[in-house]
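Turn these sequences into a full structure, and let the hints steer you where they fit.
Residue numbers (this note's numbering): 1 to 534.
These are calculated hints, taken from the structure and not from any lab test. Just so it is clear, CB atoms sit at the ideal spot from N, CA and C, and this is done for glycine as well. A few of these clues could be false.
What the hints assert, rightly or not - Pairwise CB distance ranges, derived in the manner of DEER restraints:
#, residue 1, residue 2, range
1, Gln-485, Cys-420, 16 to 26 Å
2, Asp-56, Glu-309, 34 to 44 Å
3, Asp-56, Asn-98, 17 to 27 Å
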Amino acid sequence: MNMTELSMRRAFAYVLACAMMLCAVAGCAGYARAMADVDLPADAAALHYDMQLELDAEMRRLTERVSLTFTNDSADTWSEVYLRDFADSVLAEDDVRNGVGAAMDGDYTPPTAAPQGQHINGDSALTSVRQGGSELEFSVVEDDPSVICVTLAEPLAPGERMTLDMDYYADIPTGAYRLAQERLSGWVGASESDARTLELAQFYPMLAVYEAGEWICEPYIFDGECFYTRCADYDISISLPADYTLIASGREESAPRGDGTVDWTVDADMMRDVTLIISNELTCLSAQSRGVDINSYFIDYGTGREQGETSLEAACTAVDAFTDAYGEYPYDELDVVESNYEYGGMEAPGLVRISMLYAMMLDSDYEEDRVDYAGSLRGTVAHEVAHEWFYAVVGNDQYRDAWLDESFAAYSEQVYWRACGRDEADISALMAEYLNEHADAGDQAVDRAYDEFSDPELAVGGYTASVYRRGAAFLYELEQALGAQEFGEFMRGYYAQYKFSEADTAGFIAALEPYILDDAAAQELIRQYLSKAR
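Written out as C-alpha cells, the structure reads:
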C-alpha cells in the first residue's frame with residue numbers, strides 16, 4: 001500500500017466523501033505464472049491451491065470449492081492447522097466505515113470482531129473441511145473470526161503432505177476496499193448503469209504460516225497490512241457473463257461456451273497470494289518492458305484515459321529501473337488496474353490497483369495541480385510496482401516487519417525518479433524532510449511491529465512516518481554510506497537470497513554484515529534505525 005503522501009491520502013478521503021483484535025488464541029500468534037527461464041525453488045509446488053469459483057446471478061456472493069495441498073515443512077508434528085478468513089475482516093472493516101461497531105482510534109484500533117452472519121453487508125464462512133472424503137472438525141476463534149482452527153484426523157509429521165478440500169463462500173460488499181464491488185464509471189460521470197467492477201483480494205481461505213513453533217495469525221488492521229503467506233501455485237476456474245473480463249494475478253485464459261458465458265482459468269505459479277478483478281467497464285492499453293507484458297486497465301471516460309496512459313508509462317519505467325537495481329521481475333505479466341481505492345494503491349503479485357481518484361484530480365482547473373497530481377500518480381504506480389520485488393517475491397511478515405516491504409517500496413520511488421531524470425539534490429532534500437518529520441520521536445527504529453507504534457513508551461513516532469518515510473530515508477542514507485555500487489550489489493544479493501522466500505530484520509542485518517564490517521559509520525546507522533541491531 002502506498003502511504004508516502006499522507007496529506008494526499010487525506011485529500012483523497014475528503015474528495016471521496018464529497019463525491020459520494022487482537023488474536024488471543026492458544027497456539028496462534030499473530031501467506032502469474034513464472035517465466036520459463038526463471039529457476040524456481042525445488043519446493044515450488046510445496047503449497048498449491050486449486051479453486052473452482054462461482055458467482056451467484058446477482059454477482060454478490062462468491063462460492064468456492066478449494067483444494068489446498070501443503071507439506072509440513074517444520075520440525076514439529078501438526079495435529080491442527082490454522083486458516084485465515086480475511087473476507088470476514090473486510091466485512092468487519094466495512095461495518096466500521098458504515099458506523100457500526102468499534103470506532104477507529106487513529107490508525108491503531110482493529111475492527112471489533114462481529115459474529116459471523118452479523119455484518120451489515122454480507123458474510124463469509126467456511127462450511128466444510130474434508131480430508132480424503134472424511135469431514136474434519138474446525139472452529140472459528142471467538143476473539144477473531146478471521147482465524148479458523150482445523151483439527152486433523154491424523155497428525156501430520158514433518159515432511160508429510162496432505163490435501164484439504166474446503167467449501168467456502170464470501171459476500172462482496174459495495175464500497176469496501178480489499179474485497180469489494182463498485183460501478184467505477186459512475187464516479188467519473190459515465191452513464192452506463194449496468195457497469196460493474198468486482199475487486200477480489202483475500203477472497204479465499206489461506207493457510208497461515210507455521211514458524212518457530214506457532215501459527216502466525218496477526219490481527220487485521222485498517223491502515224496497513226497484516227498478511228504473511230508462503231508462495232504457492234494456483235489453478236483457478238470461474239465462468240462469467242460474456243461481457244465481463246477477468247484480470248488476475250497470473251495468466252488468464254478464456255473459452256466461450258456459446259450460451260452467453262465464458263469459462264476462465266488462471267494459472268499463477270509461485271505467488272504469495274492472488275487477486276482477481278472482474279469487470280465490464282475497463283479498457284486496456286498494453287506495452288512491454290524487459291520482456292514483461294504490462295497492461296493498464298482504466299475507465300475510458302474523461303481523464304480516465306490520461307490516468308491509464310500515465311500508469312502504463314510509469315509501470316514500464318519502474319520495471320526497467322527495478323530490474324537494473326534489484327534483479328529480474330519473475331513473472332511474465334504485470335497488470336495495473338484502476339480501482340475504487342480512496343487513496344494511493346494496493347499491491348498484489350503480478351497485479352497492482354491504483355486509485356481512480358487520480359483521474360478525478362487530473363481534471364482540476366489548475367495546471368499546477370494537474371502536474372502535481374500526475375507526479376503523485378507516477379510515484380504511486382512506482383511504489384506499488386516495487387512491491388513486486390519486496391513483498392511478492394521477497395516476502396515478510398507485514399504486521400511484525402512492515403518496513404521490509406513498505407520502506408523498500410518507498411525508497412524505490414526514488415530509484416524510479418532517478419530513472420526519470422530527477423535531480424539528486426531534490427531526492428536528498430525529500431529524504432531529509434522524511435527524517436525531520438518525527439525527529440523528536442526519541443527512538444528512530446523502523447523495525448517495529450504494527451502495534452508497537454501506538455506504544456507511547458517506545459516513542460518511535462507514527463506508523464506511516466516510521467515504516468514508509470523514515471524507513472525509506474534510512475535505506476537512502478545507507479546507500480550514501482556504502483556508495484551506489486556497494487549498495488546496489490547488496491540489494492541485488494539480498495533479492496536473490498530471499499527470492500520466493502521470506503526475510504526478517506535479522507536476515508536483512510546478516511545479509512548486510514559483510515558490507516559494513518569495517519565501516520563504523522554504517523554500523524552506527526544500522527543501530528540507529530534497527531532495534532534488532534542493538
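These are the hints, each one checked on the structure:
1. Gln-485 / Cys-420: 16 to 26 Å: Given a distance of about 21 Å, which is inside 16 to 26 Å, the answer is holds.
2. Asp-56 / Glu-309: 34 to 44 Å: holds, 36 Å
3. Asp-56 / Asn-98: 17 to 27 Å: holds, 22 Å
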